[in-house]
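Asker: Here are the chains, one letter per residue:
Protein chains: 2
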Amino acid sequence: MILDVDLTSETPIYQQIRDRVVEGIAAGELADGDPLPSTRQLAVDLGINFHTVNKAYGQLRREGLLLITRKSGAVVQRTPGAPDDWPARLKTLLAEAIAHGMSERDVLSQCETTLRTFDEVPA
Amino acid sequence: MILDVDLTSETPIYQQIRDRVVEGIAAGELADGDPLPSTRQLAVDLGINFHTVNKAYGQLRREGLLLITRKSGAVVQRTPGAPDDWPARLKTLLAEAIAHGMSERDVLSQCETTLRTFDEVPA
Numbered sequence: 001m002i003l004d005v006d007l008t009s010e011t012p013i014y015q016q017i018r019d020r021v022v023e024g025i026a027a028g029e030l031a032d033g034d035p036l037p038s039t040r041q042l043a044v045d046l047g048i049n050f051h052t053v054n055k056a057y058g059q060l061r062r063e064g065l066l067l068i069t070r071k072s073g074a075v076v077q078r079t080p081g082a083p084d085d086w087p088a089r090l091k092t093l094l095a096e097a098i099a100h101g102m103s104e105r106d107v108l109s110q111c112e113t114t115l116r117t118f119d120e121v122p123a
Numbered sequence: 001m002i003l004d005v006d007l008t009s010e011t012p013i014y015q016q017i018r019d020r021v022v023e024g025i026a027a028g029e030l031a032d033g034d035p036l037p038s039t040r041q042l043a044v045d046l047g048i049n050f051h052t053v054n055k056a057y058g059q060l061r062r063e064g065l066l067l068i069t070r071k072s073g074a075v076v077q078r079t080p081g082a083p084d085d086w087p088a089r090l091k092t093l094l095a096e097a098i099a100h101g102m103s104e105r106d107v108l109s110q111c112e113t114t115l116r117t118f119d120e121v122p123a
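Residue numbers (the UniProt record's numbering), protein chains in the order written: chain A, 1 to 123; chain B, 1 to 123.
Some hints could be false.
Negatives, chain B to chain A, calculated, CB over 12 Å [stated by the list, open to error]:
#1 Leu3
#2 Arg40
#3 Ala43
A few chain A residues facing chain B, derived, Cβ under 7 Å [said to hold, decoys possible]:
#4 Asp19
#5 Glu23
#6 Gly28
#7 Leu65
#8 Leu67
#9 Val76
#10 Trp86
#11 Leu94
#12 Gly101
#13 Met102
#14 Glu104
#15 Cys111
#16 Thr114
Bear in mind the hints are in silico, worked out from the structure with no lab data behind them.
Quick reminder that beta carbons are idealized off the backbone N, C-alpha and C, glycines included.
Construct all of the structure, not just a fragment, from the sequences and the given hints.
Answerer: This is the structure:
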C-alpha cells in the first residue's frame, strides 16, 4: 500500500498516517504479519520528522493493530474486537450528519457505500 | 436536554459538550432557535472553567450549528449540508471496526441501530 499524506491538510500528519494504515487493514491491503516501513524510511519518503511516524505507529500499537519489536520493526497484528468507545464515536459522527440535515436514509446509504470500498480486490 | 459530561473520561470536556449538543440536535431535543445555557451558567453547573464551554460553543459555531450573539447568547442554528470531510471521517471510523475484525454486516447493523436512536421522541 502507498502511505500518502496531505501536508496541507488541517488533520495532523501522524493522524493521517494512522488513518491510512487503519483503512489499509480494513481494505485487506495490509494483513497480519505485514511489515510497515521503518519509521526513518517513511519519514524520509514523506519528508517529515520521524517522531511524527513514531507517534502514528505508537498509537496504532496502543489501538491493538500493530506489533513493534526491535527485531522486526512495525508489523501488522490485529487484536479482535472494536474499541469500547467505538459505538459512542459512531453515534457522534452519524449525529453530525443528521444535525446538518442529512436524511437517515442518505447516512445509511453512505455507510453501505463506504463499507463496499473495503471489499475491493487489493491492488 | 441535559448536558452531561464525564470528568474522568479521556475525551476533552469541550469535545464532550460539543458531542452532546450535536447528538441533541440530531435527536431533535434541540431545534433551530433553541438557546443553550450561557457559558458561565453551564460552567457553574458542570463545575468546569467557562473557557472550556466557550471552546465547545466556538467549535459548534464554526461547524455551522450554533449562532452566538451578544443579545441572545448561543442559539441553535443549523447550516444544511454535512461537512466536506465527513465522508472521509466516516470511512476511517468504519475502517477501524473492520480492521478489528467486525463484519461489514455487524458494522452496518450498528449504524442502523444508532440512527434509530435519533428517532426517539424527545423527552
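Asker: Looking back at the hints listed earlier, which ones does the structure fail to meet?
Answerer: The structure conflicts with hints 6, 8 and 9, although it agrees with all the remaining ones.
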